[in-house]
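Sequences listed follow chains A and B, in order.
Whatever position you read off the first sequence (first residue = 1), add 8 for the working numbering.
Whatever position you read off the second sequence (first residue = 1), add 9 for the working numbering.
It is worth saying that the hints were derived from the structure and are not from the lab.
There is no bait here: all hints are sound.
Estimated spans, in silico, between C-beta atoms of each pair:
1) A/Gly143 / B/Asp97: 23 to 31 Å
2) A/Arg197 / B/His197: 49 to 57 Å
3) A/Arg260 / B/Phe251: 18 to 26 Å
4) B/Thr135 / A/Pro243: 39 to 47 Å
All residues carry an ideal CB built from backbone N, CA and C; glycine is no exception.
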Amino acid sequence: MIDKRTSLTDAIAPIPDGARIALGGNTLHRGPGAAVHELVRQGKRGLEIVKTAGAYDVDLLCAAGCVAAVSAGFVGYETPFGMAPAYRRAVESGVVEAREHACATVIAGLRAAIQGVPFMPVAGLHGSDLPAQRGFHSLRDPYSGTEVFVIPALMPDVAIVHVQEADREGNGRIVGTRFEDVLMAQAARRVILTAERIVDGALFAAEPDTVAIPGFLTAAVVAAPRGAWPFSCTPDYDYDADYLAAWVMAARDPDASRQFIAERVFAPVAAVAVG
Amino acid sequence: MESPGSILPWDMMAVAMARLLKSGETVFHGVASPLPMVAILLAKHLHAPELTYLNITGAIDAAPLRLPLSTVDPALLRGTRSLVTLADLFDLSARGRLDVAFLSGVQIDGEGRINLSAIGSYERPTVRLPGGAGSAMLMPTARRVILWRTRHDPRTFVDRLDFVTASGNVDRVVTPLGVFVRIDGRLHVESLHTGVAPEVFREATGFAVEVGPDTAVTPPPSAAELAMLRAIDPDGVARSEFA
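Chain A extracted, bound-state conformation (with noise of 0.2 Å):
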């Protein structure tokens, strides 16, 4: 048996700038906020972030420099708390690309990563600009010679899933929705779990049904009690919903989100007294 616990810091610190790094949950929930923070806190730069649709996650990262471009299917707080205001200024200022997917594309990407071929067919799309605004081809079908598009592989360097319940040897259990989850841990090169508790193997075992994501993926796995936030975590925390609000407000400044960040996101044990 491996055990593949670790710090949070020493999980993130060999990703490198410029890594494709997908990240679990969806919108407001479910995201992997510490590692998020951690990425922040060590100053990565260059980033691609794989999502189908983010928020927090993406704001910050795009807030703090961390990243190059975004390839998601959208990137907002829903209504609870709206637009993205540091992903919107930093591609409308060119800092950031938005390299816009279809939700479905996303899923069309990683699952031709996780079945080892060049590209994946997917349905839909017609009448769109997004195909010709990012390079999507289409074939003609050999066999009824209908148009299709097909979506490039897309390979992420890292997989950053959080999970309620790992065993040391990196099996994640989700409880609740997946999301897009399973998918990115099969598709990546590297997949790190943080995970709200580390329990003993054994249980596992008695239901492997209910794992979601399979040891022998996984490269690192960290005790992260509350490492979701702000994120939810069903069934144990909903999203801190004062925190975001307090955030979204700051990151329509440029100022005031640098601040915001070293006195929130540099102070992590300020940050979970708020939580």
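Please arrange chain B on chain A, whose structure you already have, making use of the hints.
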């Protein structure tokens, strides 16, 4: 209680959207979709009990105890007896088995195409928008797409989109002023909500529409519809989209 005779725009929209759904249909909403969430539950509790309610959490026919503001919230898992993935739901649409998808657009044109990507140029936009989420794939593959938008003005309903995020099988568009129906690839005014003058609707729409004194009026919410709406959405989550 609201005074009798005053129809709140979020009530009218939720009811108008619910009426478009039929029993037996598979119906999906994605992120940032409070009004569709309310409308689907309303339809299921009124005239469409055998509607299958699908949402981005992967829950099937969820019966939430409280309606969340985030429409991918774990609160939407309650009551589901199975769980699929978002990839499964896209696949359902891809193979032609999704009857209705609710989508929206920051800009909507006269063909019912939408822009959720950028105002200005795509590369250096004046406003970078959130992105189309699933719409570019769902809009051409779902059998019927219902668009909703809580803002009805010429900056929203435009003659020309800055960017076409998605195009496809739009059937209806529901706004606070009325309902469009798409016939032969163009949006036509199907009905005006109570109290909306034809010229108000015309001036709020940036593309040419035929609307006049003969245009139908959307039937106002019935007492039964309003009572069920209050029971489903006591906290007024539908109203949150108007904030």
